[in-house]
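Asker: Sequence:
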Amino acid sequence: MEFKSKYCQVFSPQKTWPVRCVDESICTLETMHVFINCSYTHSSIHTVIWFSPKQKNKWKIENYPEDLALDFDFAGRVSHTETLNSSTLTIRDVRLRDSGEYRFMLVAANGEKYLSSSAVNLTVTGVSEKDCWTVTYAQRRVCALKGSSVNFHCTYSYPSGQKVNESYWTFNQKAVRRLEEFAGRLEFVGDKVNNCTLRLTDLKESDSGDYRFHFTTPHRAFSSSLWVQLIVTDVQVRVNSTKVSDGQTIILSCITSCTLPHHMFSWYQNGKYIMNKPTKRNNLYLDEPSYNDRDKYTCAARVIEAKNITAGSEHDWWWIQHAIYAAVGFLSISILIFVIQLIRRAKRTKNDTDTQCITNPVVDIYTSLDPKTMSPTYDVLSNFQAVEVSLTDTYTSLSPANRSSDYCTLFDYSRLQNLQPVQN
Numbered sequence: 001m002e003f004k005s006k007y008c009q010v011f012s013p014q015k016t017w018p019v020r021c022v023d024e025s026i027c028t029l030e031t032m033h034v035f036i037n038c039s040y041t042h043s044s045i046h047t048v049i050w051f052s053p054k055q056k057n058k059w060k061i062e063n064y065p066e067d068l069a070l071d072f073d074f075a076g077r078v079s080h081t082e083t084l085n086s087s088t089l090t091i092r093d094v095r096l097r098d099s100g101e102y103r104f105m106l107v108a109a110n111g112e113k114y115l116s117s118s119a120v121n122l123t124v125t126g127v128s129e130k131d132c133w134t135v136t137y138a139q140r141r142v143c144a145l146k147g148s149s150v151n152f153h154c155t156y157s158y159p160s161g162q163k164v165n166e167s168y169w170t171f172n173q174k175a176v177r178r179l180e181e182f183a184g185r186l187e188f189v190g191d192k193v194n195n196c197t198l199r200l201t202d203l204k205e206s207d208s209g210d211y212r213f214h215f216t217t218p219h220r221a222f223s224s225s226l227w228v229q230l231i232v233t234d235v236q237v238r239v240n241s242t243k244v245s246d247g248q249t250i251i252l253s254c255i256t257s258c259t260l261p262h263h264m265f266s267w268y269q270n271g272k273y274i275m276n277k278p279t280k281r282n283n284l285y286l287d288e289p290s291y292n293d294r295d296k297y298t299c300a301a302r303v304i305e306a307k308n309i310t311a312g313s314e315h316d317w318w319w320i321q322h323a324i325y326a327a328v329g330f331l332s333i334s335i336l337i338f339v340i341q342l343i344r345r346a347k348r349t350k351n352d353t354d355t356q357c358i359t360n361p362v363v364d365i366y367t368s369l370d371p372k373t374m375s376p377t378y379d380v381l382s383n384f385q386a387v388e389v390s391l392t393d394t395y396t397s398l399s400p401a402n403r404s405s406d407y408c409t410l411f412d413y414s415r416l417q418n419l420q421p422v423q424n
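Residue numbering for the sequence shown follows full-length UniProt numbering, beginning at 1 and increasing consecutively.
Think of the hints as simulated: they come from the structure by calculation, not from any bench. Hints may be right or wrong, so weigh each one.
Said to hold, decoys possible - Calculated pairs, PhoX-like style, for lysine-lysine (alpha carbon to alpha carbon, straight line, at most 20 Å): (1) K146 x K204; (2) K174 x K113; (3) K15 x K113; (4) K56 x K146; (5) K204 x K174; (6) K113 x K146.
Keep in mind it's a predicted model, so treat the numbers as computed, not measured.
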């Protein structure tokens, strides 16, 4: 009993410690894994205890949160890891009943206990992520050139049956539509369904900051816990020198404060092009004799859309691809023709060597292949006068001097009917 009263003096639900969580609200499908990460600034934290207030009826002492890892409903599915000034709760194979609020208690080395100032709301759905309250940004960090334009591509979702009444963006927690510095430079290209893309033109360095999307429905006002960080940069020229063999090389570098996407650089000397065309390299190398510090060297950076950058390579690949297709097609046809010719040649060879006699379609009379085996029935053929057979005839007789038992002497039987027997 003394322990309980002593504990109650140390721990009070009103005693909180400021924390910052990556996501204030998480929506996910059933059976997925969830990671809840929060950070804090405290130099002497001894223990971190994650809990869900809806489980407090299971706690031994109602005001003393118990670790989720000890809860039977989360057995084997919950773990948490701590690093310096941060803690991550992992819930595996989430169930519908896991939906609710999650927060943690910090226990300092001196025994002091603090509740996290922020909680994370988890929504588990078994239907579709479209039934969740979410905002998704295509890029969380955007680097853009001063004077250029930028699009913050964004989509959002909410439970079916809801209707969006209002949607807006904030810049450093202030509604951009109410800020005079953005007048005439903002365009909301999204809609009140699921597109929340924002376009900002004629960028200024003062536009650098955090941009966040918000929307409201009749039942809820939703603010994304995530944001887009915009960095607007200008270009500067930095001069360096390095010794190369017996001379010295002057290196001019075109510097930006962030990494530009799909960019090209152009160099000028006293307002005139130094190079024939833009380059992806931000360094210009000059020999010492050709460098004059009285000259004015400037560089210009230009961001190119991805489709323009890849247009040339796509055209080259189109030509190569079709050339390959043509070569493969020609080779395939050549092989096919070669195979057909081989088959035909094989058939002709087979007909020349395997065929022993030809059947007359009119009468069933066979010509003998070998004179030695001729029957008397066919002796009458030798009494006919010789007939000169033209090469244009359907069948051409083989030379008797050269014929073997493998060949037939073929006659055009239509001509035999016109022959007269030799008179004795």
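Asker: Work down the list of hints and note, for each, if the structure agrees.
Answerer: Hint-by-hint comparison with the structure:
no., hint, verdict
1, K146 x K204, "holds (5 Å)"
2, K174 x K113, "violated (35 Å)"
3, K15 x K113, "holds (8 Å)"
4, K56 x K146, "violated (54 Å)"
5, K204 x K174, "holds (17 Å)"
6, K113 x K146, "violated (49 Å)"
Of the hints listed earlier, those the structure fails to meet are numbers 2, 4, 6, in rising order.
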